[in-house]
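If you read the protein sequences in the order shown, they are chains A and B.
The first sequence finishes on residue 756 if you use this note's numbering, and the numbering steps up by one all the way, no holes.
The second sequence finishes on residue 756 if you use this note's numbering, and the numbering steps up by one all the way, no holes.
The reader is advised that the hints may include incorrect statements.
Which copy is meant is left open, so a pair is good if it fits within one copy or across any two.
[To be verified] Derived DSS-like pairs (lysine-lysine); straight-line CA-CA distance at most 30 Å: (1) K733 x K528; (2) K536 x K391; (3) K523 x K391; (4) K391 x K605; (5) K705 x K594.
I should point out that these hints are in silico values taken from the structure, not numbers from a laboratory.
Being a predicted model, the structure only gives us computed values, none of them experimental.
2 protein chains.
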Amino acid sequence: MAFDIAVLTTGDELLNGDLADTNTGSIAAALSRHGYRLRCSLSVPDQEKEIIAALCYLRQHVQAVIVTGGLGSTSDDLTARAAARATGQALAINEQALAMVQRWFTARNRQMEPSNQRQALLPIEALPLPNPLGTAPGFRLRETNCELFFLPGVPSEMQAMFEQSVLPMLQQLHPPGAPLKQRSFKLFGLAEPKIDRMIPYSRLPQGINVAFALDYPLVQVKLRAGGEDADTRLDQAEALLIEVLGDYLMAKNGETAEGNVGKLLVAAGLTLSLAESCTGGLIASLLTSQPGASAFLERGAVTYADSAKLDWLQVPLPILQQHGAVSDPCARAMAIGLRRAADTDLALAVTGIAGPDGGTEEKPVGTVFISLASSNGVHVKGYRFNGNREKIQRMSAYMALEWLRRFAVRQLED
Amino acid sequence: MAFDIAVLTTGDELLNGDLADTNTGSIAAALSRHGYRLRCSLSVPDQEKEIIAALCYLRQHVQAVIVTGGLGSTSDDLTARAAARATGQALAINEQALAMVQRWFTARNRQMEPSNQRQALLPIEALPLPNPLGTAPGFRLRETNCELFFLPGVPSEMQAMFEQSVLPMLQQLHPPGAPLKQRSFKLFGLAEPKIDRMIPYSRLPQGINVAFALDYPLVQVKLRAGGEDADTRLDQAEALLIEVLGDYLMAKNGETAEGNVGKLLVAAGLTLSLAESCTGGLIASLLTSQPGASAFLERGAVTYADSAKLDWLQVPLPILQQHGAVSDPCARAMAIGLRRAADTDLALAVTGIAGPDGGTEEKPVGTVFISLASSNGVHVKGYRFNGNREKIQRMSAYMALEWLRRFAVRQLED
Numbered sequence: 343m344a345f346d347i348a349v350l351t352t353g354d355e356l357l358n359g360d361l362a363d364t365n366t367g368s369i370a371a372a373l374s375r376h377g378y379r380l381r382c383s384l385s386v387p388d389q390e391k392e393i394i395a396a397l398c399y400l401r402q403h404v405q406a407v408i409v410t411g412g413l414g415s416t417s418d419d420l421t422a423r424a425a426a427r428a429t430g431q432a433l434a435i436n437e438q439a440l441a442m443v444q445r446w447f448t449a450r451n452r453q454m455e456p457s458n459q460r461q462a463l464l465p466i467e468a469l470p471l472p473n474p475l476g477t478a479p480g481f482r483l484r485e486t487n488c489e490l491f492f493l494p495g496v497p498s499e500m501q502a503m504f505e506q507s508v509l510p511m512l513q514q515l516h517p518p519g520a521p522l523k524q525r526s527f528k529l530f531g532l533a534e535p536k537i538d539r540m541i542p543y544s545r546l547p548q549g550i551n552v553a554f555a556l557d558y559p560l561v562q563v564k565l566r567a568g569g570e571d572a573d574t575r576l577d578q579a580e581a582l583l584i585e586v587l588g589d590y591l592m593a594k595n596g597e598t599a600e601g602n603v604g605k606l607l608v609a610a611g612l613t614l615s616l617a618e619s620c621t622g623g624l625i626a627s628l629l630t631s632q633p634g635a636s637a638f639l640e641r642g643a644v645t646y647a648d649s650a651k652l653d654w655l656q657v658p659l660p661i662l663q664q665h666g667a668v669s670d671p672c673a674r675a676m677a678i679g680l681r682r683a684a685d686t687d688l689a690l691a692v693t694g695i696a697g698p699d700g701g702t703e704e705k706p707v708g709t710v711f712i713s714l715a716s717s718n719g720v721h722v723k724g725y726r727f728n729g730n731r732e733k734i735q736r737m738s739a740y741m742a743l744e745w746l747r748r749f750a751v752r753q754l755e756d
Numbered sequence: 343m344a345f346d347i348a349v350l351t352t353g354d355e356l357l358n359g360d361l362a363d364t365n366t367g368s369i370a371a372a373l374s375r376h377g378y379r380l381r382c383s384l385s386v387p388d389q390e391k392e393i394i395a396a397l398c399y400l401r402q403h404v405q406a407v408i409v410t411g412g413l414g415s416t417s418d419d420l421t422a423r424a425a426a427r428a429t430g431q432a433l434a435i436n437e438q439a440l441a442m443v444q445r446w447f448t449a450r451n452r453q454m455e456p457s458n459q460r461q462a463l464l465p466i467e468a469l470p471l472p473n474p475l476g477t478a479p480g481f482r483l484r485e486t487n488c489e490l491f492f493l494p495g496v497p498s499e500m501q502a503m504f505e506q507s508v509l510p511m512l513q514q515l516h517p518p519g520a521p522l523k524q525r526s527f528k529l530f531g532l533a534e535p536k537i538d539r540m541i542p543y544s545r546l547p548q549g550i551n552v553a554f555a556l557d558y559p560l561v562q563v564k565l566r567a568g569g570e571d572a573d574t575r576l577d578q579a580e581a582l583l584i585e586v587l588g589d590y591l592m593a594k595n596g597e598t599a600e601g602n603v604g605k606l607l608v609a610a611g612l613t614l615s616l617a618e619s620c621t622g623g624l625i626a627s628l629l630t631s632q633p634g635a636s637a638f639l640e641r642g643a644v645t646y647a648d649s650a651k652l653d654w655l656q657v658p659l660p661i662l663q664q665h666g667a668v669s670d671p672c673a674r675a676m677a678i679g680l681r682r683a684a685d686t687d688l689a690l691a692v693t694g695i696a697g698p699d700g701g702t703e704e705k706p707v708g709t710v711f712i713s714l715a716s717s718n719g720v721h722v723k724g725y726r727f728n729g730n731r732e733k734i735q736r737m738s739a740y741m742a743l744e745w746l747r748r749f750a751v752r753q754l755e756d
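With the hints as extra help, turn the sequences into a complete structure.
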C-alpha cells in the first residue's frame with residue numbers, strides 16, 4: 343500500500359517573492375534520504391480559508407501532510423485555527439504545549455509574553471511536538487487515512503523538529519522503503535538532447551530513473567534506483583554511462599568540476615598560472631573556491647588593460663598593435679609570457695569579448711581565444727560563444743577548466 | 343471579479359531535494375511587481391498523472407495557471423502530453439512551434455536534433471510562445487474560466503518568456519490592480535536584528551510593509567506599499583531609512599553592490615588594480631561581472647605563491663620571511679608594490695586564511711588583512727571573519743568593495 347507524503351508551506355512571503363521557500367527542499371531531501379517519497383508540495387498565503395482548502399485537498403490524496411509556518415505568536419499566524427476548522431475540532435489551550443512554551447522562557451530567565459499564550463491554543467485532539475530551538479510547539483493531528491504534522495516555518499526549528507519528532511512517527515506509521523540510491527554526473531561539452539541520445543537506455547538495467555539538470559554550462563545527469571540490488575544496478579548503469587560519456591565527464595556524485603581539475607593537476611604534479619581577460623578572475627575564483635588550491639595554483643593575472651599584458655605577461659607591443667588584444671596571436675603571447683614569468687608547468691590565457699559592448703563585425707560579442715602553454719608547446723583556439731555576458735564568461739571559464747582537465751588526464755595516462 | 347493565479351512547477355528534482363525551486367519565487371515577485379496576486383503554488387514530479395491531477399485541481403480554483411518545466415526534448419519531459427490529456431486534446435506537431443525550434447538552430451548554424459521535434463508536439467489548440475533563449479517553445483491553452491501558460495523550467499528562459507509573452511497576455515485578460523510599489527536596499531556591515539532595531543518603525547508612513555532577505559554578506563531590506571499615494575509614502579520611508587542606515591547602503595533597488603562600486607570609481611575618476619590572495623580572484627570576478635569594468639579596472643593579480651608577491655608586487659623578501667604572507671606588513675607591501683607596478687590611483691590588496699586548513703593559534707582561519715594604497719598613503723586593517731571558506735571569501739571580497747565604495751564617496755564629496 344502506497345504511503346505518499348505532501349508538504350504544505352504557508353506564508354504570504356512565499357507568494358509575493360520576498361522569500362524563497364527552502365523548507366520544501368530540505369524536507370524533500372530528508373524524506374528521500376530515509377526512503378520516503380514526497381508526492382507533492384503546495385504553498386498558500388497566511389489566509390485561513392486558503393490553508394483549510396489546502397489541508398482538505400491534500401488529506402484526500404496523501405497519507406501524511408507536513409505543514410510549515412503560521413505557528414508564531416503574531417496575528418498572521420493562523421495555522422492552528424485553520425487546522426481546527428479543517429478537522430472539525432474546537433480550539434483550546436493545550437496544557438502540555440503551554441508548559442513547553444513556558445519552559446522555553448524560564449530556561450532563558452525571560453518573562454513569557456502574553457502573546458505567546460496563543461502558541462498553546464491548539465485543536466483539542468492535537469498532540470504537541472516539542473520545539474528545541476524556539477517558542478512555537480508543533481503538533482500532530484491523527485485523521486482517518488491521513489496524519490497531519492504542523493511545524494514552525496523557521497528552517498532551523500522546522501528541521502530539528504522534523505528529525506526529532508516527525509521522522510520517528512513516520513517510521514512507526516509506515517516502514518520506509520529502501521531509500522533511492524543515486525549517482526550523478528556533471529558533463530561539459532554536450533547539450534542535453536545529445537546526451538539523452540547517447541545514453542544507452544536499452545542497455546541500462548531495469549528500474550533506473552534518468553533525470554537531467556542544467557548548471558550552465560554543465561549538464562547534470564542523475565541515475566536513481568530503489569530496491570534490494572539498487573547499488574549493483576547503479577554500478578552497471580554508471581559503467582555504461584562512463585563508457586559512452588566518460589570523455590565529457592567533469593565530476594561525479596559529490597565532486598565539483600573545479601575541485602576535480604585541481605585534484606588532477608596535483609596528481610599529475612602540474613603547477614598552473616592563469617591570465618584572464620574577459621573572464622576577469624572567474625577561473626581563478628572557481629579554482630580557489632576549493633580548499634588546497636595553493637598546491638598547484640602559483641598565480642593568476644586579470645589583465646584588462648594592455649599595459650598589464652605588456653608588463654606582467656610580456657606581450658610584444660606589435661602583436662597588440664597588429665592583431666588587437668582579442669586575437670589568436672595575443673592569446674598565444676599571453677600564455678608564453680605568463681609561463682616565463684610564473685615559471686609554471688602550465689600557463690593558461692583567456693582573452694575575448696564578453697559584451698554587451700565591444701563587439702565588431704569581425705569579432706562579435708562571444709569571440710574568445712584560449713591558449714595553453716606547456717613543455718609541449720603552445721595550443722590556441724578561438725571560439726564564438728552565445729548568450730549574455732554571464733553565460734559567455736561562464737562558458738569561457740569552464741572551457742578553460744576542461745582544457746586543463748584533459749591535459750592533466752593525458753599526462754596521467756602517459 | 344477576482345483574478346487569481348497559480349504556479350505549477352514540475353520536476354522530480356524539486357521533490358527529492360536535488361534542486362530548490364527558484365521559478366515560483368521569481369514568478370511571484372514579477373506578478374506582485376505588476377499588480378497581480380499569486381494565490382498558490384504547487385510542485386509535482388515528472389509523472390503524467392500527477393501533472394494532469396494538478397492541472398485539473400488548479401483550473402477549478404484559479405483563473406490562470408503558469409506551469410514551468412517538462413518542455414525539454416528528453417524522455418522525462420511530459421508536460422505537453424499531460425496538458426493534452428488534462429484538456430482532452432490530441433497531440434500534434436505544431437508547425438509554428440516547429441518553425442521556432444528550427445529557427446533557433448539555423449540562427450546558430452547548427453543542425454536540429456531529431457529529438458527536438460518532440461518540443462513541437464503540442465496539444466492541437468495550443469498557441470506556441472517563442473523562447474528567445476532556448477529551443478523549447480512554450481504554449482498557451484485557453485480553457486473556459488482558466489488560462490494555462492506552459493513555460494520551460496530553465497530559469498533564464500522561463501523569466502524571459504514570462505516577461506515577453508505571459509505578462510502582456512495576463513494584462514489583456516485582466517487589468518492588474520494597483521501594483522505594490524517597492525524599494526529595496528542592500529546593506530553591508532550590520533546583522534539583520536541590528537538593522538531591525540535601527541529602523542524607525544514608529545516614524546514610517548502607515549501601510550509600509552518591511553521585509554528582510556539575506557544575500558551573504560549583504561542584508562536586503564524591502565519596503566512595500568500599495569494604494570494611491572504609495573510612491574509618496576515610500577519616498578518618505580526611503581528617506582527615513584537612508585537617514586539611519588545610509589552609511590551601510592551598498593545598493594538600492596535594481597542596483598548591485600559591485601556595479602555601484604564600479605560606477606563610483608568611474609565618477610570619481612579613479613583607476614584600480616587588485617592583488618588577491620585568499621579571495622583568489624573573487625573581487626576581480628565580481629567587478630568584471632558588470633559591463634564596463636575596463637573603464638576603471640587596470641589589472642588584478644591572484645598572488646597565491648610567494649614568488650608572485652615578490653615578482654609582480656615587489657614585496658620585499660624580508661617581509662615575507664619575518665611576518666609571513668598573511669600579515670599587516672605584507673598586505674601593506676602588496677598594495678604599495680601593486681600601485682607602483684600598475685600605476686593606478688588605487689591599489690587594493692587582500693591576504694588571509696580562508697581555510698579550512700592553514701590556521702594557527704596566532705592566525706586562525708578567518709584572519710584577513712586588507713590594504714588600500716592611494717595618493718593619500720596606505721591604509722591597512724586586520725579582520726577575523728567567521729564561517730566556512732566560502733563565507734570568509736565572500737565577506738573579505740565585500741569588505742574590500744566597501745573600502746573602495748567609501749574611498750570613492752569621500753573623493754566625490756571633497
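Okay, the hints, checked on the actual structure:
1. In this homomeric assembly, K733 and K528 come within 30 Å of each other (Cα to Cα) both inside a single copy, at 17 Å, and across copies, at 25 Å.
2. For the homomeric pair K536 and K391, the shortest alpha-carbon distance between copies (27 Å) is at most 30 Å, but the shortest distance inside one copy (48 Å) is not.
3. For a Cα distance limit of 30 Å, the shortest separation of K523 from K391 across copies, 24 Å, qualifies, whereas the shortest one inside one copy, 40 Å, does not.
4. In this assembly of identical chains, K391 and K605 lie within 30 Å of each other by CA distance neither inside one copy nor across copies; the values are 52 Å within and 45 Å between.
5. Within a single copy, K705 and K594 get their C-alpha atoms no closer than 36 Å, and across copies no closer than 35 Å, so neither meets the 30 Å cut-off.
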